[in-house]
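Could you put the whole structure together from the sequences, leaning on the hints where they help?
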Amino acid sequence: MSDRLKVVSLDADFNHIRALSGDAVLPYLQDESKLRGSASLVLLPKNEGEVAAIMREASSKGISVTVSAHRTGVVGGAVPSEGWVMSLEGIDVPIGVGRDDLGFYIQSGPCLSLRKLEDLLSSERFDGLRDLTSSAVEELKGSGRHILLVDPTETNASLGANVACNSSGAKSYRYGPMRDWVRRIRVVLPDGRLLDLTRGEHRARAYSIVIEDGDSEKILDIPSHRFNRDVKNSAGIYAEEGMDPIDLFIGSEGILGTITLLELRLVPWRRTLSSMAFFPDDCSAIGFVRALRSIDMPIDLIEYIDSNGMRLVLRSRDEGSLFHGMPDPPIRSPSAVIFDLPYDERVDEFLNDLDGLLSSHGSSLSHTWCAHEERERGRFRSLRHAVPEAVFAYIANRKLSHPGIHKMGTDMSVPQDGMGEMLKHHLGVLKESGLEYVMFGHLGDGHPHIELLIDDMHQFAVAEGVLRELASKVVELGGSTMAEHGTGRLKKEFLRLMYSESDLEEMVRLKKALDPAWVLNPGVMLEAPE
Amino acid sequence: MRILLMVKQVPDTNTNLLDESKFSRKGPMVLNPQCEYALDAAAALKGDGRVVAFTMGPSKARHALFRCLELGADLAYHLCDSDFAGSDVWATANTLSKAIMEFEPEFDIILCGGHAADAETGLLPTMLAAALGIPVINRCRGIRYEGGSLIANRERNGIPSELIVPSKSLVSMIQGSNVHRLPSLKDLQDARAKQIKTLDRGSLGLRKDECGASGSFTKVDAVFAADHSREGIELVLDDTDTALDLVIDVFQGDER
Ligand SMILES: Cc1cc2nc3c(=O)[nH]c(=O)nc-3n(C[C@H](O)[C@H](O)[C@H](O)COP(=O)(O)OP(=O)(O)OC[C@H]3O[C@@H](n4cnc5c(N)ncnc54)[C@H](O)[C@@H]3O)c2cc1C
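Chains W and U are the protein sequences, given in the same order. With my numbering, the residue at position 143 of the first sequence is 148, and numbering never jumps. With my numbering, the residue at position 256 of the second sequence is 247, and numbering never jumps.
Take these hints with a grain of salt, some might be off.
Unchecked claim - Residues on chain W that point at chain U, a partial pick, calculated with CB under 10 Å:
{"#": "1", "residue": "F19"}
{"#": "2", "residue": "D106"}
{"#": "3", "residue": "L154"}
{"#": "4", "residue": "N357"}
{"#": "5", "residue": "E379"}
{"#": "6", "residue": "E381"}
{"#": "7", "residue": "G383"}
{"#": "8", "residue": "R384"}
{"#": "9", "residue": "K478"}
Claimed, not checked - Derived CB-CB ranges, DEER-like:
{"#": "10", "chain 1": "W", "residue 1": "R210", "chain 2": "U", "residue 2": "E225", "range": "54 to 62 Å"}
{"#": "11", "chain 1": "U", "residue 1": "A35", "chain 2": "W", "residue 2": "G133", "range": "43 to 51 Å"}
{"#": "12", "chain 1": "W", "residue 1": "I100", "chain 2": "U", "residue 2": "G193", "range": "47 to 55 Å"}
{"#": "13", "chain 1": "U", "residue 1": "A35", "chain 2": "W", "residue 2": "R234", "range": "48 to 56 Å"}
Note that these hints are calculated values from the structure, not bench results. The beta carbon of each residue, even a glycine, is placed where N, CA and C say it ideally should be.
Right, dumping it as structure tokens:
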């Protein structure tokens, strides 16, 4: 394993890249956070060479470039503050399949969406895909269905951004975030040169990496902060002594380079039993989550929807905007817990254990919907997705009369032993604030999302104080203020709660070494140095 | 009421339905949506009676039967034999009719889906009724028990009608006002205690040339998605009003 990374230069002509200006730029100025920015031009590269040409041009002229994919981000990472937007939407095709000791992997352009990858894998039709290793496509066809184990809820998101933000899904409870499933990436650096990184091929010497370009070389210092790996965490740049440099780029939210190609590991699909248990109140549901975590069952995910969230979902259904045909839950104004188990010969055993566990928390086998057919499981997934979707729709609506509003929610995680204290504290603060909220998400991972339903600028100001209080508590409990969505433009203040001034300075130094003109995703995660 | 339910497992139409020139069996498979309406109707009508589900299909078609057992069926028969492969709609109807006459000849009504989401012929209900020599009412949106009679609702050209269903007839169902049902873990647990009986060609007393491809009158050569795409044209217009008029005309069918 080497500590030397070789960069290469690519040929491409900047002048032939498609560009949008005027009103055509508007859709690129906002992401799902509803934060709005500005830009003079949107550039639409068709390939890696054009990405390199854009970055070369921008860095030589000092023009800011914001990398944009499908703009489902919720922290304003793809929202430009000035300069150009580089939208990767045209680099969106799956390329090939390979196989190594760890199994099959898929290679793709960065803007292939999760949904398109899922459709491709479930159809098992790989026409047009290249063999990256001998006969890999045929072998994959003959090996039964395969899947990507990381399952972020928003399937319109791009794989490239999922890697750039180290996204997680419900199944990260058992299988970790995107990082663990990335085999290889190609990254165009802010100056337009290219790095090709395969996991396991390079290793930093303590805290440094050498970047070679022909005869010249440059030493890159890796920040020395402790990256909290005890909890789900996407705050700041991942750093570790002797790290694999591929991990510097995964989760760095596009501030160190643009991912132009990626390879993700696949695993064989297996039948799964998804269950959605209903509880008479939030306390019982939370108690059940705790109990479920502590028993010996191969659970893939534990997700929670509080009673406010369920009300929002049912209201959306009744207004006809979501889930036509979803039946009424078996309990009135319930909270719900969704969990997945393997659907195999052990299912009778699981049912016996669950019977007692559910009953002792105010639910029962009869009060728990289940699904093992893929279509039904997909309905559960859209149900989970519906909660944030309903919240984002609510905020978008309020923004019409109060343009200053944007999404105000938490993405914070704590270690399991801090869960009780966190919930008690958070619920107390929320009650005192008088704000309406919903709580949902990855409670099994100590990572529930709290979204505040804000109506006006006064509430917006109150919400800012509330989020600050919640964040401080989470840090006190050894958690992360940004578990999976990243820091973006909206949460830089929270980064300061997790890292010291000198930690942040080291991150800035790393960025500056790769991006001396500070042109790539400026304002995302880190503030430009004075 | 003694209800027989005929169901089919089909590829999930939300995913890729076709594999080269065949229906794909590789992707996720589901209980045919219209069979699900028939299942809902059966569960609602059952009362103190019994619902028995039948399907003919490869081994994984069992999953469709299991879903029926979760959502109200009491017993299921799986007609599964490599000799059944390649059955056209007639051979399928014939094979199912043999199973019914042999194993469940006493029934009050047979319920089916109006058509299957893959083959889409919509012929099976009528052919099965013909093979059994019983009346058929197709494409009903609902069925209820009222005043000692079974009443089916149908709609033709927007005109609703109600029909009295004679005893021992076959009714095929399409989407009505059914609320989607989800099984509970209790339903799953109960279903696991119910039986799925496998029937092969021998147990139905069928000769090889009476079923499967050799017992069929038709053979599917190829299946393909119809191409509805049309060449677009780009018009550059100076003002919004002309552009709007043009769009309205196009929607009204005047394509110029
Ligand atoms: C309803 C809803 C549910 C969600 N659920 C989840 C969830 O379960 N888990 C989760 O982690 N997130 C979730 N998200 C957040 C979001 O989907 C992810 O952050 C996702 O990674 C964004 O993908 P995108 O293609 O939309 O990226 P964008 O929003 O376009 O960009 C996000 C960031 O990545 C950078 N970027 C994009 N592409 C590249 C690239 N190729 N190279 C370098 N940088 C790049 C951008 O500059 C930006 O900083 C959810 C969002 C919504 C709206």
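Honestly, do I100 (chain W) and G193 (chain U) meet the 47 to 55 Å range at C-beta?
-> holds, 50 Å
Proposed interface contact between K478 (chain W) and chain U, which counts if any beta carbon pair is under 10 Å = violated, 36 Å
Are F19 (chain W) and chain U close enough, Cβ to Cβ, to be under 10 Å, as the hint says?
-> violated, 27 Å
Close enough to count: is the Cβ of N357 (chain W) nearer than 10 Å to one in chain U?
-> Where the cut-off is 10 Å and the nearest Cβ of chain U is about 9 Å from N357 (chain W), the hint holds.
Does G383 (chain W) pass the interface check with chain U, least Cβ-Cβ distance below 10 Å?
-> Constraint on G383 (chain W) satisfied, holds at 8 Å.
Can we keep the E379 (chain W) interface hint, with Cβ of chain U closer than 10 Å?
-> Given a least distance of 4 Å, the restraint on E379 (chain W) holds.
Cβ distance range 54 to 62 Å for R210 (chain W) and E225 (chain U), holds or violated | Holds, since R210 (chain W) and E225 (chain U) (Cβ atoms, about 58 Å apart) stay within the stated range.
Could you check if L154 (chain W) really has its C-beta closer than 10 Å to a C-beta on chain U?
-> violated, 17 Å
Holds or violated: is there a CB of chain U closer than 10 Å to the CB of E381 (chain W)?
-> holds, 7 Å
Taking the beta carbons of A35 (chain U) and G133 (chain W), is their distance inside 43 to 51 Å?
-> Since A35 (chain U) and G133 (chain W) have Cβ atoms about 47 Å apart, the given range 43 to 51 Å holds.
So, D106 (chain W) near chain U? Judge it on the closest CB pair being under 10 Å.
-> violated, 26 Å
Can R384 (chain W) be said to touch chain U, with a Cβ gap under 10 Å?
-> Because about 8 Å separates R384 (chain W) from the closest Cβ in chain U, which is inside the 10 Å limit, the hint holds.
When held up to the earlier numbered hints, the structure conflicts with 1, 2, 3 and 9 and fits the remainder.
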